[in-house]
Every structure is written in structure tokens, then in C-alpha cells.
Amino acid sequence: MNFLNRLKTLVLVAALCIMPALGADTFKIDTSHSSIMFAAKHFGAAWNYGRFNDFEGTVVFDEANLAATKVDVKIVAKSIDTNNERRDKHLRSPDFFNAAQFPDITFKSSKVEVDGETMKIHGELAMLGKKQNVVVTLAKSGEGTGMDGGKLVGFHGEASFKRSDFGMNYGVGNGALSDEVKIVISIETKKV
Amino acid sequence: MSPQADPNTIIMVTLFKIAALPLLVAGLVTLLSGKWVLTPEKPPFLRQGATALAAALGFSAGYWALNGFNEFPPLLVQHWFPYFALAGFVLLSGAARLGLIAEGIAMALLVAGCLFLKLRPYIMNQWETAEAAAYLVPLFGVWLLLLFVGRGVVSDKNLPEIPLLLVIAMTAASLVIVMDGSASIGQAAGSMAAACGGIFLARLLVPHLGVGAPLRGTVLIVFGAMLLNGYFYVEAGHTTLILAALVPFALLVYWVPGVKDWAVWKRGALVCGVALLPLVIALVILATKPVESSYY
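Protein chains in written order, with UniProt numbering: chain W, 1 to 192; chain F, 1 to 296.
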């Protein structure tokens, strides 16, 4: 193979390598149009929902290559809101989120499985000083153009995990609050 | 799925863990050691250490029953509580044999260690040096003063009402935290109150066991750590925490001339009455706070 052919091969390989990256855009979460909600069951009866009001993050997304999606989110633990200030204070305390010692909850994706238009985002959820693998089922919910002309993409997703895996055991043993926590996320992202 | 919860069962099980178990463990350790091991002819420092050991074991039993054993070193700062109690027993009982300077060094080491371990997340991640100093220096001073107040006014005297004063102090810490932030931290403080109650009751049968510096120090180390937790991690009200912190300073009534020579019941009524004052004020403040709908 002469030099020119080698160069062509090299350029082709390089192009193939960077093509997915070229197609993927980075989107920043617009907190004011997004919700991260959680729910736990109270005395085995109903799922009680709450939300976090302060979070940030990015989604690297290419509709043509969903497997290349990357998600990186940071939630401020003390921004928890269940529409009851007394309960929120208790949830911020060491009984639950221990927000003074562990101010942030983070999720960083590591792998994506694609099933039609749905993505199973495998990633590491870090909370209360512990890290566990969690799978978030995420799908694009729509897209549009913002007031400033920027591209918007929305996502909707769900996940669940056992809070005892993170050492959050309050009310688990006696069944007052479920060990299983459901997460529902609806995020609007804006192309960076 | 978690087993179906019956609220009455939850309350009974919790009460057993935070009250009955620590009371029984501390009472039995006091009683058994006083009856069969540390008889009246044994050296005073050993008889002083027995009640500190009873407090540490009773509290730890309640704490671990409530929270389970956790990794060591603890990841969550609140899980240091039992180790603080055990360290208090070891250091202060040992120092009681060596005299005042050794006691002072032991107290300073305990306070410094507990402050660092309790506030490490703030020291390492949040505070600048000046801010850290602004918090740590006064806290170190007040906590050490609290330990020395007892040492200064009642020395190593065997005043039987002291465990009752400690019951009131730990009850105050428990109530201001449990009513205003964290159930489990407040319940943990309740475990130490129950352990002190067990010591008080058992000492009615073995009065030769001491209730001096080792017991006071061991309990007040946990007491201070509870209030720190209340302030820095639980967001309990500052006024009520300060009122709770005032309770052990009821020891100062022993400085009133002649009080130490009063009859036990009269002396006990005075010191407990003075100790109850800030607690009652704190409870009134908590009871008159606007209440949102209960979420339990």
C-alpha cells in the first residue's frame, strides 16, 4: 500500500470514529421548564410525590444514534420540596438526605441500551456518600424552538431504586415508608 | 416490599429500643458491677468508671438497636455517637486515676476529636479557615467549659442526684431535636437519657458506685455532640438548642454556699428544678410554634 492509500485509509477510519460525535449535540437542562420528582409509599397505601427544585445537567443527544446519548445531572439535595415545610426539613435531616453532609446527588450515565425510541440509560447514582448503578428509562418527548431561536428537546423518563442501598433506612424496617423510591423526570433541554 | 406497618407496634418497638433497652443495659451493668465486681473496698476511680461504662454501653445498645451496626469509620457523622460515648468512658475513667491535669487533657482531646469528627464535612468542604475558626474556637471553649463546670463545682463527689440531672439534660436534647427536625437523632439522645435513668435506679441498690467526672463527662460528650448535630445537620431551632445547652449548667447551683450540705432530696429538687427551667421554656417555644399539618 503506497503512502496515498495509507493516508486515505487513515482519514476514513478517523472520519468513522468522529462521525457519531459530530452528530451528537450537547443540550443543557433548563431547570425552569423541568421537573425531577420522586415518590415513596406511605404505610403501604399511596405513593407520595415530592420534587427537587434545584438541579443542573447536560444531555449529549443524537437522534440518529441514541446509543451515544450521555446524561450528567447534579441535584441540590436541600432543594427538596414536598409541599410541607416541616416534612421537607425532616427529609433534609440525617434521617433521610442528610443534605448538610451530602449536599449533592449526582447521576452520570455509563451505557445506553436502545429499544426502539426508548433508551435504557445505565449510570451511577451517587447519594449519601454511596454509589449504585441505576437504570433510567428515557425517551424523547418532543422538540421545538425557544423564544430566542434555540433548539429545545424534551425528555421524559422513569427509574426506581431501593433507598436502603444508599443507607437511607429511616422507616424501612417498620414499613412506614417504602424502601422502593420511584423517580419521574421530565426535562426540557436547550442546545448549547 | 416492606412488611405492613402497625403504628402502635412501631411506637412500642421504638420505645423499647430507645428507652427500655438502654435503661436495662445501663442499670444491669451498674447493678452487677456494684454487687459482684466493684465492691466498696475497690479503688474509687474504678467505682467511678463503672457508671461511665454503664452509660456508654446502655446508650450504645439503644443507638445500635435503633440504627443497626454500621461501617467503621462511620460514613454518616451521626454514627460516631456510640464511639464518642465509649471513648469518653475510656479516656475519662483512665484520667480519673491520674488527677486533674490528666482529666483536663482527656476532656480537651475528647472535645477536639468530637468537634473534628462531627463537623468534618464543614471543615473539609465548606468553611474557609476564618469561618472554621469562628465556629470551632467558641464551640471548643463552651464544650470544655461545660465539662469543667461539673469538675469545678462538684469535683468527684458522689451526689446521687447527678444522674437525674443528666436525664433532664439528655431529655432536653432529645425533645428539642425530635420535635423540630430529626426523629432518629432525638431518639438517640433519648437513649442516653434512659441509660442515665437506669444508672440512677441501680445506684439506689449500689450507692458506692461513683457518679463523678467519668460519668458526667461521658454523658456530656454525647450531649454536646447531639446538640451539634441538631444545629449543623438537623436545622433544629437555635433558641431551643441554646436553652437545651443551658440545662447542665444547673450544676452551678452547687456553688451556692451550703447547698452541698443540704439533704439529698432538697438538693436534688433544687438542681433538677433549675435544670428543668430552660427545658420548660424550650418546650413552650416549640409548643407555640405555628404547626403545619402533620405528615406522619
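Keep in mind the hints are simulated off the structure, nothing from the lab.
A virtual CB, placed ideally from N, CA and C, is assigned to each residue, including glycine.
There may be inaccurate statements among the hints.
Unchecked claim - Quick partial rundown of chain F residues pointing at chain W, CB under 10 angstroms, derived from the structure:
| no. | residue |
| --- | --- |
| 1 | 6 |
| 2 | 10 |
| 3 | 72 |
| 4 | 78 |
| 5 | 120 |
| 6 | 130 |
| 7 | 183 |
| 8 | 184 |
| 9 | 234 |
| 10 | 236 |
| 11 | 264 |
| 12 | 268 |
What hint numbers does the structure not satisfy?
3, 6, 11, 12
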